[in-house]
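Take the given structure of chain A and dock chain B to it, following the hints.
Chain order of the listed sequences is A and B. Counting the first sequence from 1 gives a position; our numbering is that position plus 539. Counting the second sequence from 1 gives a position; our numbering is that position plus 1207.
Derived by calculation from the structure, the hints in this document are not laboratory data. Do not rely on the hints blindly, as some may be mistaken.
Quick list of in silico lysine to aspartate or glutamate cross-link-like pairs, EDC-like style, CA-CA up to 20 Å [what the hints assert, rightly or not]:
(1) Lys929/A / Glu1250/B
(2) Lys593/A / Asp571/A
(3) Lys1299/B / Glu875/A
(4) Lys847/A / Glu1250/B
(5) Lys780/A / Glu1278/B
(6) Lys804/A / Asp833/A
(7) Lys780/A / Glu1250/B
Residues from chain A that face chain B, not an exhaustive set, calculated with beta carbons under 7 Å [unchecked claim]:
(8) Tyr907
(9) Ile919
(10) Lys920
It should be emphasised that the depicted structure is a prediction, and the values quoted were computed from it without experimental measurement. Quick reminder that beta carbons are idealized off the backbone N, C-alpha and C, glycines included.
In case you want the letters, here they are:
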Amino acid sequence: MTELTHLTLAEARDRLKRKDVSATELTKAFLDAIARGNDALNAYVLPTPEHALKQAGESDARLAKGQDRALEGLPLGIKDLYCTKGVRTTACSNVLGDFTPTYESTVTQNLWDAGAIMLGKLNNDEFAMGSSNETSRFGPVTNPWRRKGSNVGLVPGGSSGGSSAAVAADLCLAATATDTGGSIRQPAAITGTVGIKPTYGRCSRWGIVAFASSLDQAGPITKTVRDAAIMLRHMASTDPKDSTSVEFIVPDYEAAIGRSIKGLKVGVPKEYRMDGMPAEIEELWQKGVSWLKDAGASVQEVSLPHTKYALPAYYIVAPAEASSNLARYDGVRYGEREPGGDLIGTYEATRGAGFGAEVRRRVLIGTYVLSAGYYDAYYIKAQKVRSLIKRDFDEAFEKVDVLLTPTTPGPAFGIGEVSGDPVQMYLNDIFTVTVNMAGLPGISVPAGLSSEATPLGLQLIGKPFDEETLFRVGAVIEAAAGRFTPPQAWWAPVGTRRR
Amino acid sequence: MDVDADTVRRIARLARLRVTEEEVAALQGELSGILDWIEQLDEVDTSVVEPLTRVIPMTLKKRADKVTDGEIEEQILANAPAQEDAMFAVPKVVE
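Next up, chain B with everything else stripped away, as it sits in the complex:
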C-alpha cells in the first residue's frame, strides 16, 4: 500500500491535525509500512464470520431517565482555556 502525499494531507485534514510538509514526507513512509504489515489479514477467510461487537456477553445496561447530577457549572469550566459569561469561548465561527 503506497500512501501518497495528498492522502496524508487529506487524512490529516479529516483528523484536524496540522502537519508540516516535512512531516507529510515522513508519514507517507511510516503509514505505508504500517498498512503493508496490516495487509496480512487478507490471508484470513472471514466470509462467514460475524464481526465481534463485545468480548464478554452482556446487554447494554439501562437506567431510569432521571437527572442525578448537575449544578456544577464551575467544575465544568474549571479547565477551559478561555471562557466568557459562563461559556466556553472559541474564535468567531459566523461572520
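Looking at chain A on its own, in the form it has when it is part of the complex:
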C-alpha cells in the first residue's frame, strides 16, 4: 500500500471523494511526517497541527454530507509570506517579531473557501530575498535531495525553499509560494517539483508581504503538472482589494492537461545559450526539444536580444521597490521595536537590528538608486530596459506560442557554498528573471537528473494569461521525463523506505 503522504494532490482528492480515506486520516499522516522529518529539513517554521485537525474535522463533516468543495480535505503548506489570520506571519524576518495578522490573504482565503487544510507556515528567504533559503531568521532549509554518495546538505533553492522542500519530501500535498525573480521556479527545478508563476495580475497580492510590487506574483509548488493546474485555479481570482488583479475569468486549467500539442510552435531563445553553460544543462534542453517534437510540436530558434540585461535591470527595480515597501517596518505599528532614544533613533535601531544582511544590502541599494540625482540614471534607465525586454517577448510571440528554456544554470548547490558573493547568488535567476520583468507566466517542470544525481528543470514561458498552454506543454514534458522523487527518506528517523 502506498503511504498516504506519497499521494499527489489529484490522487488524494479522488480518494477523499471515494471515501476510502478521511481528511482526518490524511491530515494525521502529514502531521506525523512533519513531526518526524522537519527537524532535519527545517521546511516548516510553524506547524499548525490543531488548526489542521479542526479544518479536517469540518471537511469530513462536509464529505459525509456530500457538500464537499473542490479542494475539500487537502492538506497544504503555506509560505510564511502569506498573512494568515490568527497565525504568526513573519516573512522569516526578525523585524516582524511575532506579528499575528488580524486578516487573511486573498489567495489563502480562496484556498480555505475551496476546503483546503493548512498544515503550517513554510520557511523562506527573509522577505523573499534570496535564491537558497539561507537568509531566513529561522535558519536554512535542507533539500531532501543529496548528491550521489554524499551527505552534504544542499539548498532547496529560494526564496520558496520551505515550499519546495516540503513538497519534495512529502510533508504536504502542495504548497503556496511567491515569485519575484524566480522564487517559485528555481526552487521547484532543483527539488524535482513543479512550480508555476502565473501572469502578473492573475493572483491577488493582497495580504502577501510585499517585496517588489511590480514583480511579485503568487503561485503553487506541487508534485505534478496536474496538481499545479488544480492549485492555481483555486488561488487565482479577481480581487477588488488589489488594483492590479485582472478581471478575467479563471479557466479550468486542469482541462488543459492531456490536450495534444500537435502543430504547436515552440521557440528556443538563442540568447539563453550562455557562455560557460554546463554541458548537462544544454543536453537537458535538447532533450526537451526532442520530446516536444516527438509530440508533434515544431521547434524554431527565436531571439530575445536584451536577455543579458534583465538581471542587472532587475537588481535596480527590485531593490528600489523593496526599499520603498520595507519603509513600513519602523517599530511603530507592528513587529519588534528596538529603543533608540528619540524617534529617528528608534527607527534606525529597529531596522538595523531587525533586517538581516541581504535585506539591508537591498534596502541600501534601493535607497541609493532612488536618491536625488540618481533616479533617472538608474531607476528610469532600468524601466526603459524593461520595456525593451518586454518588446523582445512580444516580437517572439508573434512567431511562436511558447518558449522552452532551462530553469536554472545548474543543480542544487551546498549550503554555504555560494553565500559569499551577492552577485554570484543573483546569477541563479538568470533564466527566470526575464519572465517577471515582462509580467509573463512561466512554469518549471522536472526534466532530468544532473551528473550528481540531483534534479534539473525545464522552463516554459507563455503569452500573457496563457497558463493553459504551459500546463498542456508541461504535461507533455512530464510524461516524457517521468517524475523524480528523492531515493531515500533520510530525514525521517525510522528509515522508512519510499516507493
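Below, chain B without anything else, positioned relative to chain A:
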C-alpha cells in the same frame, strides 16, 4: 563605481538603517560590486524608449468613494509594540 564610506553612511541615514563602522567598510565593497555589475546597462541605447509603467495593459480601477470598512481599532492596534489610550505610542517627538 566606488562607493565611499560617507556615501554608505548617508544612504543608511536616508534608509533609517543603523550600521556599525565595521559594516560600513564591508558594505562599501559589496555595494560597489553590485553597482559595477549594474553599469553594463550603459551599453543599451534607450534614447527613444519609454520607461515601462505596467507589464499588462490595464487602466487603474476605480471604486465608489464609500466607506466599506472600519470600527476595527482593536485589530489595528493588536500588534503594536506600544500603545496608549487607543493610539500607537512612540518616543517623544516634540519637547
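CA of Lys929/A to CA of Glu1250/B, is that 20 Å or under?
OK: Lys929/A and Glu1250/B at ~18 Å, within 20 Å.
CA of Lys847/A to CA of Glu1250/B, is that 20 Å or under?
Measuring from Cα to Cα gives roughly 11 Å; hence the hint holds.
Close enough to count: is the Cβ of Tyr907/A nearer than 7 Å to one in chain B?
5 Å, holds
20 Å Cα cutoff - pair Lys1299/B, Glu875/A
The hint holds at about 19 Å.
With the threshold set at 20 Å, check whether the alpha-carbon distance from Lys780/A to Glu1278/B stays at or below it.
Given pair Lys780/A, Glu1278/B holds - Cα atoms ~18 Å apart, limit 20 Å.
How about Ile919/A: closest beta carbon in chain B under 7 Å, or not?
5 Å, holds
Proposed proximity, Glu1250/B with Lys780/A (alpha carbon, max 20 Å):
40 Å, violated
Hint check: 7 Å Cβ-Cβ cutoff, Lys920/A to chain B
6 Å, holds
Starting from Lys804/A, check that the Cα of Asp833/A is at most 20 Å away, please.
13 Å, holds
Measure nothing beyond the straight line between the CA atoms of Lys593/A and Asp571/A; if it is 20 Å or shorter, mark the hint as holding.
16 Å, holds
Of the numbered hints stated above, the single one contradicted by the structure is hint 7.
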